[in-house]
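Enquirer: Could you put the whole structure together from the sequences, leaning on the hints where they help?
Here the protein sequences line up with chains A and B, keeping their order.
Residues 42 to 192, numbered by this note's numbering, are exactly what the first sequence covers, in order.
Residues 42 to 192, numbered by this note's numbering, are exactly what the second sequence covers, in order.
Calculated from the structure, these hints are not laboratory results.
A hint or two may mislead.
Because identical chains share one entry, a pair is satisfied inside a single copy or across any pair of copies.
[What the hints assert, rightly or not] Restricting the straight-line Cα-Cα distance to at most 27 Å, the calculated cross-link-like pairs of lysine-lysine (DSS-like) are:
#, residue 1, residue 2
1, 47, 66
2, 152, 118
3, 165, 47
4, 165, 118
5, 66, 165
6, 47, 68
7, 165, 152
8, 165, 68
9, 118, 92
10, 152, 69
11, 69, 165
12, 165, 92
None of the values given here were measured: they were computed from a predicted structure.
Number of protein chains: 2
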Amino acid sequence: MSNLQKILSHAERQCHANGSRLTEKRKKVLSGLLQSDRALSAYELVDYCNKTYDETFAAMSVYRILEFLEQEQLVHKLNLANRYVACVHIACDHQHEVPQFLICTDCQRVKEFSISRSTLGSIKRQVEQARFQLVSEQIELNCLCGSCAAA
Amino acid sequence: MSNLQKILSHAERQCHANGSRLTEKRKKVLSGLLQSDRALSAYELVDYCNKTYDETFAAMSVYRILEFLEQEQLVHKLNLANRYVACVHIACDHQHEVPQFLICTDCQRVKEFSISRSTLGSIKRQVEQARFQLVSEQIELNCLCGSCAAA
DNA sequence: GTTGTTATGTTACAACATATCATTTCTAAA
DNA sequence: TTTAGAAATGATATGTTGTAACATAACAAC
Ligand SMILES: [Zn+2]
Ligand SMILES: [Zn+2]
Ligand SMILES: [Zn+2]
Ligand SMILES: [Zn+2]
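Expert: The following block contains the structure:
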């Protein structure tokens, strides 16, 4: 059983536990993200699926599927790049905390990581001082990855 | 002389000092942002200008003008919201540092502020540990403003 | 005044995203 | 096992954001 298959099965069980279903189409979209080493746009996934599976994926469906996968925490939406990535913790059993992302603006490679509690705490304090409140702790930063920075 | 007029003159002098020109069209787009209490999309500015000035502003022109105004640091582009705001320091003489933004996802009001040096420092260190590097210190956070949070 | 540069006009299109209503598939109760 | 309701997908249209490419106009320097 390939690693991809293992991850998909794990994801399927997890959905089932949540009372939702990881359908064939949803699996195929998720596979597209799992096999990519960089963030993909919804339309890139449409193209990928149409080419790979010789089946019709309408953009509308892909957006709906991505929304579902995001709710299930299998996928993250990067608001700064209008792109999607598979969760790096997708095969883990631990509960997922709100992640932060470093996005390479050159090649779209993404690092999903967790900023330290203390740093996050000081950000939140400074936001509160400005009389705003965070709607999400998901923070996205435009970066260069190692290889793009070297080039 | 109204406050708006003062700011526009100040901006004009500043452009002149930089060897660029704050043309009539550019002034009008900038005025739109100065008179708004929230971030506007390029197309909202197109509509605003067309209605207010009985003159044709093509979307293309507005995008070019916004790019110019951003270069001159008179305006900031919010990548997280695909919107634009006038710089809150537009009437200041001090040199502008890279700002951070809190964006209300409900009403698009924006707080331009500066995160503390030490917090920014720890963010940068953690980014470096992940072998990425920031392309910009402009950080944008999705928030609720005071009044939207209350409602 | 000619000439090179900057700004704007114009058209077309690419890329990203949602609204709406119809149809199919699945689930679970009768 | 049928059947009603829910969930998923299909299909079409449209809205929103942004850029490419080439033409013309305005301006400044010589
Ligand atoms: Zn994750
Ligand atoms: Zn890269
Ligand atoms: Zn500013
Ligand atoms: Zn608000």
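Enquirer: Confirm or reject each hint.
Expert: Hints and how they fare:
no. : hint      : in the structure
1   : 47 x 66   : within (17 Å within a copy, 59 Å between copies)
2   : 152 x 118 : both (13 Å within a copy, 24 Å between copies)
3   : 165 x 47  : neither (38 Å within a copy, 36 Å between copies)
4   : 165 x 118 : both (22 Å within a copy, 23 Å between copies)
5   : 66 x 165  : neither (39 Å within a copy, 39 Å between copies)
6   : 47 x 68   : within (12 Å within a copy, 59 Å between copies)
7   : 165 x 152 : both (22 Å within a copy, 14 Å between copies)
8   : 165 x 68  : neither (36 Å within a copy, 36 Å between copies)
9   : 118 x 92  : within (23 Å within a copy, 36 Å between copies)
10  : 152 x 69  : within (23 Å within a copy, 41 Å between copies)
11  : 69 x 165  : neither (38 Å within a copy, 37 Å between copies)
12  : 165 x 92  : neither (44 Å within a copy, 40 Å between copies)
Comparing the model with each numbered hint stated earlier shows that hints 3, 5, 8, 11, 12 do not hold.
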